[in-house]
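Undergrad: In case it helps, our numbering puts the sequence shown at residues 50 to 289.
Hints listed in this document are in silico derivations from the structure and should not be mistaken for laboratory results.
Among the hints, a few may not be true.
What the hints assert, rightly or not - The calculated lysine-lysine pairs, modelled on DSS-like cross-linking and capped at a C-alpha distance of 30 Å, are:
| id | residue 1 | residue 2 |
| --- | --- | --- |
| 1 | K250 | K226 |
| 2 | K285 | K123 |
| 3 | K154 | K250 |
| 4 | K154 | K123 |
| 5 | K250 | K285 |
| 6 | K95 | K288 |
| 7 | K285 | K154 |
| 8 | K288 | K226 |
| 9 | K95 | K250 |
| 10 | K123 | K95 |
| 11 | K250 | K288 |
| 12 | K123 | K250 |
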Amino acid sequence: MGSPEVSESVAEVVARARSAQAAINDYTAEQVDELTTAVAWAVGRKDRAEELARLAVDEAGFGNYGDKVIKIEKRVFGVLSDLRRTPTVGVVAQDDERGITEIAKPVGVVAALIPTTGPDATPPVKALCALAGRNAVVFAAHPRSKQTTAAVVEYMREACEQVGAPADLLQVLPVAKIAYTQELMQQADLIVATGGAGMVKAAYSSGTPAFGVGVGNCVHVVDETADLTDAADSIKIAKT
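With the hints as extra help, turn the sequences into a complete structure.
TA: Structural data, given as structure tokens:
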């Protein structure tokens with residue numbers, strides 16, 4: 050546990066997140082689609098992607114500007130497209146043979162840990178997935194790229210308000226320090242951690258349910274219909 054000051058500061062943010070989540074708890078699938086579409090366009094459109102990519106490179110010193118622009122656009126709208134084809138509200142699966150019906154339920158407040166290498170594209174991806182399930186998100190920015198993360202989240206907050214949803218569905222911790230991140234992991238209902246091995250280990254050891262993405266190379270599956278040269282070039286660009 051952190052100091053009383055840290056605990057109280059984080060608790061205030063989480064309380065606002067819970068209040069905001071309650072406001073969309075009964076959203077229909079159509080309302081969720083409207084919300085996620087607004088958030089995606091707020092950061093994924095060309096001019097905004099260019100702005101955020103430049104900010105990320107200048108602040109953190111990682112990555113290539115042109116590639117980051119492409120990454121933001123493709124990641125954000127790719128996730129939005131996938132979510133449109135994935136039921137996240139109400140009945141999401143039905144097994145008549147076994148008499149099992151799966152009904153989606155919000156988890157509540159998600160703690161989203163953001164790496165310094167992805168302060169531009171990572172927040173909207175986490176936000177879209179969480180909002181699709183009618184959850185709120187509190188982002189823990191990396192100290193080295195906190196301004197970029199804050200800018201991304203502010204644009205997404207504005208988008209929430211434009212479609213009648215609470216801005217506090219998406220918030221950033223007021224201080225980018227380990228103590229605040231650790232406290233958030235204790236108070237949240239779910240952790241989604243992207244970063245180094247230490248961060249992911251801390252998330253898994255927090256006592257709160259967690260999904261972690263740490264150091265390592267992603268597996269790529271290339272089927273027999275693919276253009277192998279094009280696939281190889283795309284994988285090289287994405288992962289090197």
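Undergrad: Taking only the CA atoms, is the gap from K154 to K250 under or equal to 30 Å?
TA: The hint holds at about 27 Å.
Undergrad: Hint check: K285 vs K154, CA-CA at most 30 Å. Holds or violated?
TA: At roughly 39 Å apart (the allowed maximum being 30 Å), K154 and K285 break the hint.
Undergrad: Next pair to validate is K154 with K123; report whether the Cα-Cα distance is within 30 Å.
TA: holds (28 Å)
Undergrad: Given the hinted pair K95 and K250, is their alpha-carbon gap at most 30 Å?
TA: violated (36 Å)
Undergrad: Could you grab the alpha-carbon distance between K250 and K285 and see if it respects the 30 Å cut-off?
TA: Distance ~28 Å between K250 and K285 Cα, so the pair holds.
Undergrad: K123 and K250 were given as a pair; does the straight-line alpha-carbon distance stay at or below 30 Å?
TA: holds (29 Å)
Undergrad: Within 30 Å, alpha carbon to alpha carbon, are K123 and K95?
TA: holds (11 Å)
Undergrad: Within a Cα-Cα threshold of 30 Å, do K285 and K123 meet the stated pairing?
TA: holds (16 Å)
Undergrad: Are the Cα positions of K288 and K226 separated by 30 Å at most?
TA: holds (29 Å)
Undergrad: Measure nothing beyond the straight line between the CA atoms of K250 and K288; if it is 30 Å or shorter, mark the hint as holding.
TA: Cα-Cα ~23 Å, so holds.
Undergrad: Could you grab the alpha-carbon distance between K95 and K288 and see if it respects the 30 Å cut-off?
TA: holds (22 Å)
Undergrad: Quick one, are K250 and K226 close enough, alpha carbons at most 30 Å?
TA: Given that 30 Å is the threshold and the Cα spacing comes to 17 Å, the pair holds.
Violated hints for the displayed structure, listed by number in ascending order: 7 and 9.
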